[in-house]
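Could you put together the complete structure from these sequences and hints?
Same order as they appear, the protein sequences are chains A and B. This note's numbering puts the last residue of the first sequence at 400; the count rises by one with no breaks. This note's numbering puts the last residue of the second sequence at 400; the count rises by one with no breaks.
Simulated from the structure, these hints should not be mistaken for laboratory data. Predicted model, so just to flag it, every value in this text is computed and none were measured. Where hints are given, some of them may not hold.
One copy or two, either will do: identical chains are not told apart, so a pair holds if it fits within one copy or between any two.
Stated by the list, open to error - In silico BS3-like links for lysine-lysine, alpha-carbon gap of 30 angstroms or less:
hint, residue 1, residue 2
1, Lys124, Lys322
2, Lys382, Lys168
3, Lys161, Lys284
4, Lys278, Lys153
5, Lys357, Lys61
There are 2 protein chains.
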Amino acid sequence: MIYKGIIDRYRKYLPVSDKTPIVTLYEGNTPLLRARNLEKFLKVNSEIYLKFEGMNPTGSFKDRGMTMAISKAVEEGSKAVICASTGNTAASAAAYSARAGLKCSVVIPDGSIALGKLSQAMMHGAKVIALKGNFDEALKIVIEITKNYPITLVNSVNPYRIEGQKTAAFEIIDFLGRAPDYHFIPVGNAGNITAYWKGYKEYANDKSKLKVKSKRLKLSPNLSTFLPFPARRGETCNLPHMMGFQASGSAPIVKGKPIKNPKTIATAIKIGNPASWKKAEEARDESKGVIDMVTDSEIIKAYRLLASLEGVFVEPASAASVAGLIKFNSKINIQKSGCVIVCTVTGHGLKDPDRAIKSAKQPKVLEPNIKKIISAIEL
Amino acid sequence: MIYKGIIDRYRKYLPVSDKTPIVTLYEGNTPLLRARNLEKFLKVNSEIYLKFEGMNPTGSFKDRGMTMAISKAVEEGSKAVICASTGNTAASAAAYSARAGLKCSVVIPDGSIALGKLSQAMMHGAKVIALKGNFDEALKIVIEITKNYPITLVNSVNPYRIEGQKTAAFEIIDFLGRAPDYHFIPVGNAGNITAYWKGYKEYANDKSKLKVKSKRLKLSPNLSTFLPFPARRGETCNLPHMMGFQASGSAPIVKGKPIKNPKTIATAIKIGNPASWKKAEEARDESKGVIDMVTDSEIIKAYRLLASLEGVFVEPASAASVAGLIKFNSKINIQKSGCVIVCTVTGHGLKDPDRAIKSAKQPKVLEPNIKKIISAIEL
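As structure tokens, then:
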């Protein structure tokens, strides 16, 4: 019953030893919530689950990788860390550094990060540099700095980050007793899709973890060439198809080239030249999945649906996974197929309250008068 | 390993049956984090733990009570719920109602709730009424409404709320194998101190849950009349002293009379006439604890300490518990005594990003120039 973070739970799958000092805020162990209202809304005969990563300590999945990166930095004697960030990495790096007593600096694109995330980095005592430039320029410059100064890079190009993040796939298999058939996930810097795929492969190899073999999936004929998965794995399905989604104004992998000025309201995935581009393509190809894109209005629609139907409030970028599921709903024939689908929702809605306020109905201001209130709430 | 919320875990201690439909977002099971940096900072020879309730699904402890209140409302055939709120209850009621398909209305004091909380209630589709009045007036009016209309009250005067909230005490005992010696907690509407005390008493009666008996506590002589606890319980300490803290501009229990215009930056506890006033006093008296107050500047100091020393970002009201610990640090002689202390921090810092931005150093805006960045981060 007692949970003490992902390193404690999944130690045997992670590059740690007895000498690694564990810096943790008890990240991970996040809910995998069945989304029955969404299933009804989409009229599917499949099980949809939401991996609600907003319930990590700093409100995003980044904490899984950060407990690893900061613990290893301390083990290796580092005194300072740095990252470029659209906000969530900065918040996480700042929090774990505070706990570890490390000096933390974060470089963010000026004017492009959500209010909540900025407040976190500042409160946790990080040195916050707002760069006149975008995320890709920020990442380039921090990589350059860490090559020349004694400061540890904690972006997801730090391999310990990916190691920590892969534990989300372990938790899904532990919860379901199997891997899902499809895994939908937002794609920004592309570290997370890389990490999940690594996690699924490693855990599925540990056969004891899989209690249920998936049944053979039925595909509509015209898509069997597109997603020819039963052929790939014979009669069982031990690994999911990785279904990654970028925002259409910020979709370098989909378009096959870096985007110089990425644009999207989904600030967490507003990245024009992803660090894990190649590994994301490998995950897509090995899993016979897709990396596709969704528009900002599709993202906002999914964002509102999650909050109003399921009680799950996420930041806009998180909803790219569910927007992708809605887009592929008819293509992958999940209405009839009895699939198990997981959508990762990467960060809490509280990260970006301004967007929520803009996206919802404004409150009515009233005098303390019962009749007026009853009339307003339309009981 | 598989966790599915407080009702699933603590069913035998809760008023539910097989017929109760469980509405859950997998709330509870929040971290109890050892605060070693805070221990060093305060120079105590005691163990300090933070019960980080901001890691609930909507970012506050309210979710524990709301899973109970909404599940029972559905069981009883209710179609609509209402609450008055300084923000956290509204967010939680709105989220659980969305998941249950209930209609939810919330009445908030106009202009007095933090941005994040407002965004939550709106996104989850609640009818939000901003009342020209304070929380106490809002509570009065929703109680009046529920007496006359078919709508269920989900404020903490609904007894199921307290039942759910008491599970936080269960988790603490499960984690520590014992009850703490002192439990510090913010006091607003006073439902939470009531709930913890109920939880401690019920769980401590179930002797199997207590693996370790606390040793006799040593008190400085001049305080033995103030907190005469060893005498109360003989040689063992199976229950904590409940140490509740109000904000000094909003401290009706401390001052012994309702406060007409409560004032504090800690909006979550800005309440002038607490619904659970009497029960909070009972918890204080039965536990030989205290209900005292801390100033806004003491609250802000604790708020900043938690973020910068421990990596734990809370909303200002949450820090009232730690501000109380700092205030009582010398009085209860924990420097030498080897006590176990738990501080509940009730809500996530992301609930109130504006306050954080105001409380921290602003970022430096720089061109992408390595030398300038290195100089700014003072490596």
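What hints, given by number in increasing order, does this structure fail? none
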